[in-house]
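**Q** When you get a sec, could you build the whole thing from the sequences and use the hints?
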Amino acid sequence: RTAGRRVTPNSTWWWAALPVAGPVVPVVAGLTLAGLLPVRGVAIIPVTGILIGGALTATVLAGRRALDELHTRYGEFEAGIALGLPDHDARIEVIRPAASDALLPGLDQTRTVGLVTLPGAFVGMLLGGASPAMAGAVQLFVLIALMAVQASAVALTVELVARGRLHRSAPPSAPPAPAAPTRGTSPRPR
Numbered sequence: 108r109t110a111g112r113r114v115t116p117n118s119t120w121w122w123a124a125l126p127v128a129g130p131v132v133p134v135v136a137g138l139t140l141a142g143l144l145p146v147r148g149v150a151i152i153p154v155t156g157i158l159i160g161g162a163l164t165a166t167v168l169a170g171r172r173a174l175d176e177l178h179t180r181y182g183e184f185e186a187g188i189a190l191g192l193p194d195h196d197a198r199i200e201v202i203r204p205a206a207s208d209a210l211l212p213g214l215d216q217t218r219t220v221g222l223v224t225l226p227g228a229f230v231g232m233l234l235g236g237a238s239p240a241m242a243g244a245v246q247l248f249v250l251i252a253l254m255a256v257q258a259s260a261v262a263l264t265v266e267l268v269a270r271g272r273l274h275r276s277a278p279p280s281a282p283p284a285p286a287a288p289t290r291g292t293s294p295r296p297r
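Taking our numbering, I'd label the letters of the sequence shown as residues 108 to 297.
These aren't lab readings, by the way, just hints derived from the structure by calculation.
Note that beta-carbon positions come from the ideal geometry of N, C-alpha and C, so glycine has one too.
Where hints are given, some of them may not hold.
If you anchor each label on the Cβ, the simulated ranges turn out as follows [what the hints assert, rightly or not]:
no., residue 1, residue 2, range
1, L234, E183, 49 to 59 Å
2, D175, G142, 38 to 48 Å
3, I151, G191, 44 to 54 Å
4, R180, L143, 34 to 44 Å
**A** Dropping the structure here:
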C-alpha cells in the first residue's frame with residue numbers, strides 16, 4: 108500500500124503490489140531451492156525483507172518517474188499515436204528511458220559495498236559465527252538477488268504504466284474563461 112500510494116493517489120495504487128511481491132517470491136524460492144538460503148525463519152525473514160525493501164524502492168521510483176515523464180512528454184505520446192503506434196507502444200517509448208533511472212540507487216549501492224559500506228548480510232553472518240568467505244558469498248548472492256528483484260520490479264512497473272493499469276487521474280479542468288463583455292459594458296468595474 109505504501110508503494111502504491113506514493114506512485115499514484117487514485118484507486119489504481121493496489122497494482123503496485125505486483126512489482127513488489129512478484130519478483131521477491133521466485134527469487135527467495137530459488138535461493139532456498141539452491142541451498143543458499145536455509146529454510147529457517149532467522150534466514151528467510153531478513154533476506155525477504157531486504158528484497159521487499161529493494162522492490163518497494165524500485166517500484167516507487169519507476170512508477171513516479173514513468174508517470175511524470177508521461178505527463179511531461181504527453182505530446183510525444185500523442186505523436187506516437189498519430190503515427191499509428193498502439194497506446195501501449197507509444198507509452199513505452201516515452202516512459203522506458205526515465206523509468207530505468209529507478210535502478211541507479213541499487214547499482215550505486217552494489218558499487219560501494221565493501222569499499223564504503225559494510226552490508227548487513229555480511230556483518231550479520233560474521234556476528235553469527237560464519238567465516239568471512241561464507242559471509243562474503245552470502246552477501247554476493249543477496250546483492251545479485253536484490254538487483255534481479257529491482258530490475259524485475261522496474262520492468263513490471265513500466266509495463267503496468269504502459270498498459271494503463273497504474274495511472275494518475277486526469278488533472279482537473281481549467282476554470283472556464285471569463286465571459287467576453289457584452290456591447291455597451293465596460294470590462295473593468297468602476
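**Q** Work down the list of hints and note, for each, if the structure agrees.
**A** Here is what the structure says about each hint:
1. Checked against the hint of 49 to 59 Å, the C-beta distance between L234 and E183 comes to roughly 52 Å, which is consistent with it.
2. For the pair D175 and G142, the supplied restraint of 38 to 48 Å holds, since their beta-carbon distance comes to about 43 Å.
3. At about 49 Å, the beta-carbon gap between I151 and G191 stays in the expected band of 44 to 54 Å.
4. The given range of 34 to 44 Å is respected by R180 and L143, whose C-beta atoms sit roughly 42 Å from each other.
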